[in-house]
Amino acid sequence: MNSAQLLLAAPEIWVVAMAGVIAIVDLFLREERRGIIHLLAMLTVIFAAIITFRGGFLLDGVPTANAFADSFIRDAMGDVLKVFSFLLMGMIFIYSKYHLRNFNMFRSDFYTLSLEAMLGVMILISANSMLMIYLGLELVSLSVYALVAFDRESKRGSEAAMKYFVLGSVASGMLLYGMSMIYGATGSLLLPDIAEAIRVQGTDDILLVFGLVFVVVGIAFKFGVVPFHMWIPDVYEGAPPAVTLFISSVPKLAAFAMAYRFLSSGLGDLHIHWQGMLASLAVLSIILGNLAAIMQTNIKRMLAYSTISHMGFVMLGLLPGTAFGYGAAMYYVIVYGIMSVASFGMIILLSSRGVEAENLEDFKGLNQRNPFYAAIMALVMFSMAGIPPMVGFFAKLMVLKAVIEAGLLWLAVTAVVFAVIGAFYYLRLIKYMYFDDPEHEMPITAPVDFGAALTLNGAMILGLGIFSSSLITICMTSFGL
Amino acid sequence: MNGTMNGILLSILIWLPILGAVAVMVAGNQRPALAKGLALLIASATFILGLPLFFSFDTSTAAMQFVEQRVWIETFNINYTLGVDGFSAPLILLTMFFGVLVVIAGWRSIEKNVSQYMAAFLVMEGLMIGVFSALDALLFYVFFEAMLIPMFLVIGIWGGPRRVYATIKFFLYTFLGSVFMLIGLIYLYIQSGTWDILAWHEMPLGLTAQKWLFVGFLAAFAVKIPMFPVHTWLPDAHVEAPTGGSVILAAIMLKIGGYGFIRFSLPITPDASAALDWLVIALSLIAVVYIGFVALAQQDMKKLIAYSSISHMGFVTLGLFIAFAIYRKTGGVSGAALGVEGAMMQMISHGFISGALFLTVGVLYDRMHSRMIKDYGGVASTMPWFALFAVFFLMANSGLPGTSGFVGEFMVILSAFQANFWFAFLAAFTLILGAAYSLWLAKRVIFGAVVNREVENLQDINAREALVLGTLAVAILFFGLWPQPLVDMMQASVDNLLQHIIQSKVI
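Going down the list, the sequences are from chains A and B.
Counting from 36, one number per residue, gives the positions in the first sequence under the working numbering.
Counting from 36, one number per residue, gives the positions in the second sequence under the working numbering.
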């Protein structure tokens, strides 16, 4: 192995080193100086982004490069996803600092675990072999299990972590089982070699298709699409909002990368088999997610079900198996990450010291308490509902185009009808904010960096909609369009 | 006006109110007086800047004017293309006109969150001008949908007791209709590789595809206009909306449905429109007659006017779709042109009249806080000036010759005779019905003995209200007596549209 290969993994190496540094520095810090940890973590993501940029893969024309016996891949798509992971992670750190401070949980473990989880996301994004996929997946999962139970006093947190751990382990087991079958059928762990083997031997191998089913289950669990969604509402509700922020955004980017690498790079020739599977997952998610969200009174559960339906839309982008579809799905997960982080940021903002804002009622009269933050939340909600000119609309538009182009008109019709039904619960939240009177006049205070991050987040939702060309182009060029 | 200015005029008209709304919200947050003043300034400036749409409009051509084109989303071939023709220019003028009036109308009656109220109307104005001037289908859809947001908030924040129900119903109905259109638009894009509406006008399409597209467009525009079975959101929305919201809803938003038929359904899917015209004609006649009876039975003034709006909009769809029947029967398009022109006239005139009627009810509501007919009676004896305007508007609503209400209806009925006697008979029926519910309303509210102490203590309209109502009265009278400028403006575009729709696009 030469140093050039090592350099390809420079962002990963930097992040893992910094996670270690943070863990050690914390040992020497007094309680009141712990802000340094936050600064270090912010520096980590900023420099990780810079290092990734310096790789040059984001620019047009740079070919992909492999390292570590081809099991690690750097390409434009991976780097775009990583940079957005860093961006989201930076926002998550800013939002969560406020929450952790308010709830006396401001400890360095949060930062180390989050960075480890992000490292897992990065590995998953760059994985080119089944082993690497599994490695990244487990790194994310184990860090997140611990993060969910981060609030030691919270029973709900422990319960959620337990549930997540048990279900996650089962899903990992299934994925591993599927991988072993694919390995048995093709004789390789590397995704390109698997693709080559399938091309040679044909797609009618029952072992291969059987393995594919389990792989799809593993991917579906990671996305949290119906019927592998059971953990999402409980985990979203039980975990501290600072952790839900993370779970609902960055790992979705990794899930997309994993699905793309596995299904397209590795099992692309089995498209005829997995298209139908993804279609049923997508339809079930969009239907169940939107219907169940209507019945929720807890905002975190409502957003959990909304995630499920959004991930259904991502499936819609994946299933045509076209470059445009992958680009659309990638655009959708990135956009969803931005919207999701903003919505949980708002929940943290409304939580006062020691009391979490959990119910839709907590948003009552927000427009009268603070019109500016109410407007940001309204932007987020309209965006999630898919109303132009917010960016959420363009995400839906791309995905629908991919689906219609593939001749699956019925899928598009189902999706939009349930998107309209889903609009109801987003509108209901806006109703609480704008049409109802506040129950108390407690002023909303937030640190400057929190306010700035939330403003930027809201501006992105509107700005990336009105000037949607940039992000769409970035996503499409990643797939050579 | 020089050429460079014309190239960005439409953009200015769209973005000046929208950016102005931000300024109003920021500057006027704690200072309602400033918010009102600024809003009035912006709305008036928009109106004055928009006058070249009338004065520099070239009536000899059906080509798009004031065209502006920029690349918006390159990878998707979406452009920011704006332009107006004889159909959209009058509607934009109408929008700008009402943009000023609603600001004045909300001057006293809005007390809560004044800056947000004014900002919402300015944003709505900009977006509606965008709808009428967009020549790129996706741009059109973006404006079409975005428009729902400010209206949703206006009804929900400043509306009546059942405002939440009404506004969510309004939003979801319209949203459901328009997503089907979105699928149709994406389909057309995949077929043609462009979002250019004018290119779609020329594009050949199979009959089955056309029929599905027609249904998609119908879903969007029938809800908006609204046509008979999907009209139920309108009375609720009107009753609960504040006066300004009702005015914009009736005067402008409903026209977007009619405009959509003209811009999309007729020229893009002419064969399907011809094949399914019986459906639209039947629904229009049901609206004209049945909804007219429903209006007769209303106890609530705003509801009555809302139903009257649905009934009158039935004329618009009738006028547009009898064109096919006339062409089949006579082989010529001159009778059809009369119908389409009548439909356009009806849209403009109904904009003035319905806006005026809702403002009239608003004047009463501001004083009495009741919209129920039974609470009134004998208003004429305490508010003589008001009564003068109210009776005039109600007369116009019933289609009195000399008012603009007469022109459009008369043209449509005249052209309906060429299609089928019974169409014309049923349509003419509405003249009787319209007169019945309008004049009966006048009798119960305006005339008769003073029924209670509240009516006795009513103050007549002040100068501000007189200005608003007077302007509208002049407009209604003007276009009733001399509709020629409007007809001239749309003549070339109407002929062009008819050339498009009589040509089969089936390959």
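Hints listed in this document are in silico derivations from the structure and should not be mistaken for laboratory results.
One thing to keep in mind: the hints can contain errors.
Derived EDC-like pairs: lysine to aspartate or glutamate, alpha-carbon spacing no greater than 20 angstroms straight-line [said to hold, decoys possible]: (1) 147/B with 440/A; (2) 204/B with 471/A; (3) 246/B with 312/B; (4) 147/B with 269/A; (5) 147/B with 474/A; (6) 246/B with 335/B; (7) 147/B with 471/A; (8) 399/A with 484/A; (9) 190/A with 239/A; (10) 246/B with 440/A.
Consistency of the hints with the structure:
1. 147/B with 440/A: Cα-Cα ~48 angstroms, so violated.
2. 204/B with 471/A: Holds - the C-alpha atoms of residue 471/A and residue 204/B are around 17 angstroms apart, at most 20 angstroms.
3. 246/B with 312/B: 11 angstroms, holds
4. 147/B with 269/A: It is violated: about 40 angstroms lies between the C-alpha atoms, which goes past 20 angstroms.
5. 147/B with 474/A: The given pair, whose Cα atoms are some 17 angstroms apart, holds under the 20 angstroms limit.
6. 246/B with 335/B: 39 angstroms, violated
7. 147/B with 471/A: 13 angstroms, holds
8. 399/A with 484/A: With Cα atoms ~25 angstroms apart, residue 399/A and residue 484/A exceed 20 angstroms; violated.
9. 190/A with 239/A: 49 angstroms, violated
10. 246/B with 440/A: With Cα atoms ~19 angstroms apart, residue 246/B and residue 440/A stay inside 20 angstroms; holds.
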